[in-house]
Amino acid sequence: MTLNRIVVVGASAAGLAAAETLRREGYDGTLTLVGDEPLAPYDRPPLSKQLLSAEWEPERLTLRPAADLAALDLDLRLGVAATGLELADRTVRLADGSQVPYDGLIVATGVRPRRLPGEGAHVLRTLDDALTLRDQLGPGLRLVIVGAGFLGAEAAAVAWRLGAHVTLLEPAPVPLAHAVGTQVGELLTRAHVDRGVNLRCGVSVSEVTEDGVRLADGEIVEADEVLVAVGSRPNTEWLESSGLPLGDGVVCDEYCEAARNVYAAGDVARWYNPLFGTSMRIEHRTNAAEQGMAAARNLLRPEARKPFAPVPYFWSDQYDMRIQAYGYLRGHDEVAVVEGDLAERRFVAAYRTGDRVAGALSVGKPPKVIRQWRQAIAAAAVGEG
Amino acid sequence: MKVELEADKCVASGQCVVAAMDVFDQDDEGIAILLEETPAPELLDDVREAVAVCPAAAIRLVER
Chain B
837 MTLNRIVVVG ASAAGLAAAE TLRREGYDGT LTLVGDEPLA PYDRPPLSKQ
887 LLSAEWEPER LTLRPAADLA ALDLDLRLGV AATGLELADR TVRLADGSQV
937 PYDGLIVATG VRPRRLPGEG AHVLRTLDDA LTLRDQLGPG LRLVIVGAGF
987 LGAEAAAVAW RLGAHVTLLE PAPVPLAHAV GTQVGELLTR AHVDRGVNLR
1037 CGVSVSEVTE DGVRLADGEI VEADEVLVAV GSRPNTEWLE SSGLPLGDGV
1087 VCDEYCEAAR NVYAAGDVAR WYNPLFGTSM RIEHRTNAAE QGMAAARNLL
1137 RPEARKPFAP VPYFWSDQYD MRIQAYGYLR GHDEVAVVEG DLAERRFVAA
1187 YRTGDRVAGA LSVGKPPKVI RQWRQAIAAA AVGEG
Chain A
5 MKVELEADKC VASGQCVVAA MDVFDQDDEG IAILLEETPA PELLDDVREA
55 VAVCPAAAIR LVER
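One line per chain: the protein sequences are B and A, in this order.
If you're matching positions, the first sequence starts at 837 in our numbering and goes up one per residue.
If you're matching positions, the second sequence starts at 5 in our numbering and goes up one per residue.
What the hints contain is simulated information worked out from the structure, not anything from laboratory work.
This structure is a prediction, so every number in the text was calculated from the model and none was measured.
We put the CB at the ideal spot given by N, CA and C, even for glycine.
Some hints could be false.
Partner residues are not named here, just some residues of chain A that face chain B (Cβ under 8 Å, in silico) [what the hints assert, rightly or not]:
#, residue
1, Ala16
2, Gly34
3, Thr42
4, Ala61
Here's a subset of chain B near chain A, in silico, CB distances under 7 Å, partners left out [stated by the list, open to error]:
#, residue
5, Ala853
6, Asp879
7, Leu899
8, Arg1121
9, Thr1122
10, Ala1125
11, Glu1126
12, Met1129
13, Trp1151
14, Pro1202
15, Pro1203
16, Arg1207
Just chain B, same shape as in the assembly:
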């Protein structure tokens, strides 16, 4: 089937990568890019880092210069959300009432933050969110951050550096333990405590109040501002009556295909990664770009399509630590420090799942060290998977 009309829903890293790849691979039909934010594609990782700390201004987050974007010859629909999908009619409905027909569709609508009951808390997902929080940050501000995951930890580090009094509330006994293991989780946690951030683990927050937050046991933790960083949900509501398979994301096969000529990419996509023999949904910047490219190629060349089998990668900046990880750490059976020393915060930890190396995480080590582990993860997974 010839593709003459391709629609990409979602104008962030994954959607942009998909659109660029389609053009680069020779697709010259109509290419519609739909984004619910009124902004040209921009980069999100700096929102909780350089943008929040005001080291960077919003212009630096723009992913492509205007001329590069124009060269893609897009039917660009920014500031308008997709509201529905008719698989049988191959049509996407938009919030402005328009209907966009397609022969090929790439869903890259991302995720949005989970929230807590109550009004007035910040979240951190969009440029607008980050600028709103940034306006409040400064010396003496009492900031409560709910959730000590990577996002909460990064925001805590920035707010601390700007002189805020930070309280970090985390339901788990050890933050990030489910992702990186107890040992590494404790080490990353210590960075907060060492700097005087008030970290309270094992507390669950029931609601945001005018004065701060209320804990499950009724205690009020007072705050001038509250940031809720308790994870996110895939933006799939617009697809609910479409018949597209949904289940914590758009459920795809190993080619990132969810239905005939309908692909998904980025944070919203749950696909089967043959490298690890499991279905996964990855909310990492690099995965968004890689999966956008893979989905675009597979849509365009079904006869030569390839399974999307990446080694996931993420990084996080917290205080003076640069954390980098390759692989799929979740559900690991064992963690071992294989280089350096945890106490010195210069180490590589390797993660075993079943009988193979599934991941590696490094702090403060030269890049070549962790890249070798990436190769080992790719090789191990291929061999065993």
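Go by the hints and put chain A onto chain B.
Structure of chain A alone, referenced to chain B:
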């Protein structure tokens, strides 16, 4: 084609080296180093991959 690298944007992910090891390297801090400003044509697909996967959008490939 010419490669442009904004090293001050680099977040040291090393994704460019994974994508195009003949064109990029990293220093000891992990910051990307451009080895070939005008890579041979057969390397351009790798460079395009690097441009696309760079998590900091720090690499561009421009006509010259």
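Each hint tested on the structure:
1. Proximity of A:Ala16 to chain B holds as hinted, the smallest CB-CB distance being about 6 Å (cut-off 8 Å).
2. For the restraint placing A:Gly34 at the interface with chain B, the shortest Cβ-Cβ distance is roughly 4 Å, inside the 8 Å limit, so the hint holds.
3. For A:Thr42, the interface hint is violated, the least distance from its beta-carbon to any beta-carbon of chain B being 19 Å, above 8 Å.
4. For A:Ala61, the interface hint holds, since its Cβ comes within 8 Å of a Cβ in chain B; the closest pair sits about 5 Å apart.
5. A cut of 7 Å between beta carbons decides the hint on B:Ala853: the least distance to chain A is about 5 Å, and the hint holds.
6. Proximity of B:Asp879 to chain A holds as hinted, the smallest CB-CB distance being about 6 Å (cut-off 7 Å).
7. Restraint check, B:Leu899 versus chain A: the minimum CB separation of about 5 Å is within 7 Å; hint holds.
8. At a threshold of 7 Å, the smallest CB-CB gap from B:Arg1121 to chain A is about 4 Å, leaving the interface hint in force.
9. Hint on B:Thr1122 holds. Least Cβ distance to chain A is approximately 5 Å, under the 7 Å limit.
10. The beta carbon of B:Ala1125 is positioned within 7 Å of a beta carbon in chain A (closest approach about 5 Å), and the interface hint is therefore held.
11. Evaluation of the B:Glu1126 hint against chain A yields a held restraint, the C-beta minimum of about 6 Å falling below 7 Å.
12. With a least beta-carbon distance of about 6 Å to chain A, the hint placing B:Met1129 at the interface is held under the 7 Å criterion.
13. At its closest, the beta carbon of B:Trp1151 sits 6 Å from a beta carbon of chain A; the interface hint therefore holds under the 7 Å criterion.
14. At a threshold of 7 Å, the smallest CB-CB gap from B:Pro1202 to chain A is about 5 Å, leaving the interface hint in force.
15. Of the supplied interface hints, the one on B:Pro1203 holds, with its beta-carbon coming within about 4 Å of a beta-carbon of chain A, less than 7 Å.
16. Evaluation of the B:Arg1207 hint against chain A yields a held restraint, the C-beta minimum of about 6 Å falling below 7 Å.
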